[in-house]
Amino acid sequence: MSINFNYWQARIGKPLIFALCLLPFLLLSFRLLNNQLGANPIEVFTRSNGEWGLRFLLITLSITPLKNILKQSWPMQYRRMLGLFAFFYVFIHLSSYLVLDQFFDWQEIWADIIKRPYITIGMSAFVLLIPLAVTSNRYMMKRLGRNWLRLHKLVYLIAILAVVHFFLLVKADFYWPTVYAVLLGLLFTFRLRKYCSLPLGK
Amino acid sequence: MLIKKPGDIKPSEITDESVYMRRREFMQTTAGLALLPFVKTASAKTEAALKHVKNKKFSTDEKLTDHASITSYNNFYEFGTDKTSPAKYADRLTTSPWSITIDGEVAKPGKYNLEDILKPHSLEERIYRLRCVERWSMVVPWIGFSLADLIKRFEPTSKARYVQFTTLYRPSEMPGQKRSVLEWPYVEGLRIDEAMNPLTFLAVGLYGKVMPKQNGAPIRLVVPWKYGYKSIKSIVRISFVQNEPPTSWNLSAPNEYGFFSNVNPEVDHPRWSQRKERRIGEFLRRDTQMFNGYGEQVASMYRGMDLRKYY
Ligand code: HEM
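For the protein sequence lines, the chains are A and B, in the order given. Per the numbering used here, the first sequence starts with residue 1, numbered consecutively. Per the numbering used here, the second sequence starts with residue 203, numbered consecutively.
Hints should not be assumed to be uniformly reliable.
No farther apart than 27 angstroms at their CA atoms in a straight line, the calculated lysine-lysine pairs in the DSS-like style are these [to be verified]: (1) B:313 x A:171; (2) B:478 x A:171; (3) A:142 x A:67; (4) A:171 x B:411; (5) B:354 x A:171; (6) B:313 x B:290; (7) B:380 x A:171; (8) A:67 x A:115; (9) B:411 x B:253; (10) B:354 x B:256; (11) B:290 x A:115; (12) B:313 x B:361; (13) A:115 x B:313.
Calculated from the structure, these hints are not laboratory results. The structure displayed is predicted, hence computed values, not measured ones.
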């Protein structure tokens, strides 16, 4: 039974989730190349990839609570892939800003990074994601030992920075940043409960 | 009557050929894109044609932004904060009957039917640049008349130093007003000399036809040297007042949006630079011009003012 399940997971589960995770990027790219993203395609492309980056951060953070709720370990199998997809979408988001939006106007880009808090914070979040992405493999996990866990706690800070980034760039409508802040808050309460070793849902 | 039914004039009589062809081209290339609901709503509707003359003196000869973009990419928070919401939801708006209240420091106050407001004015086309505070811009062929001509008819008194404009408040037809993203109704204002400037325009149409609802039907302001949000849409009240009137974006974030809001590449928005803009339809950003390129006509009104302080 359990052998079957592992087999299913490796052969079908993982490729399926991988394809699903890639789908938003493929659709957005297809629509960008075919001029189907409306009047300001660069804005839509940049923003949508940013939003997917944030969504994947939150999805990644919900894996451990999911494992605890289901009392099953299989969700953990997908955590690394989901985390790497978060990095992937943020990377596309940043590249879209650098290449499509600013077109390598380094002077403007640098001015943005130091002068605009929302860019400063977004950039910090991206820079902090790099070591997590680089150490997301079994070799690094073994090598870093307990420090690996410590390092990867950074993901909470990154998620907070990403939500703050969203709040700071909005003109007047705080609806979506608020939704993401609430979701992140919920994920945090799950963690805190575990830390205080309160029983979960019992 | 000014407003003719679609059958009265052939569109080709009033829209110049190349525009007409471009529109056809657009319809052809987008025919298969059922994926995009907003393009469909924008192009499927045909507004009635408006009789007008072209005012070359007040028009730029830059390439027009295509009709589909102008009517599908809008900031009109009364219908939602997404750029595509106005094109989706503005259909619900009843624009006829429509009346405008004119009050304050004026000899002939009253509530006037839109027809009576429009009757004495002949319409002209002016092709203006439009610069949004969000760093995108368009070139729009507006149809309308000079605001100064309207103001003169109602004879403001010497106490009228400012003009305040108010947008319709009707949450039943304007779903965006059900959330307090901004204070409703939307209000805007101009100093009287700005309102009387020959460039300041009241538009009732674009691309030769009656104003699409998502663009501010039935009547809106166009102030081409100021950021787009000054050009208030769907106007129901024009008040002549002594003191600087409140304006919606200034109420929402006073450190970001001033009363004047003149396009100025030297004065950054606190959260982004205003030096460059993306013309819709173009890839590379272009430099933003002082007063959006209308300095010759308007700079003298601000002589001696510190434009960093009065942003
Ligand atoms: C963890 C990293 C990041 C995440 C999760 C993230 C997420 C987001 C989200 C959710 C939005 C709003 C999308 C919307 O309005 O629908 C956004 C917008 C934006 N982000 Fe990021 N972002 C990150 C890093 C960055 C970086 C490194 C940059 C550039 C240096 C950047 C530049 C921008 C810009 C310019 C916008 C606004 C686009 C516009 O106004 O057109 N972001 N981001």
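Checklist entry - Can you give the numbers of the hints that this structure goes against, from lowest to highest? => result Checked against the structure, the hints that fail are numbers 1, 4, 5, 6, 8, 11 and 13, while the rest are satisfied.
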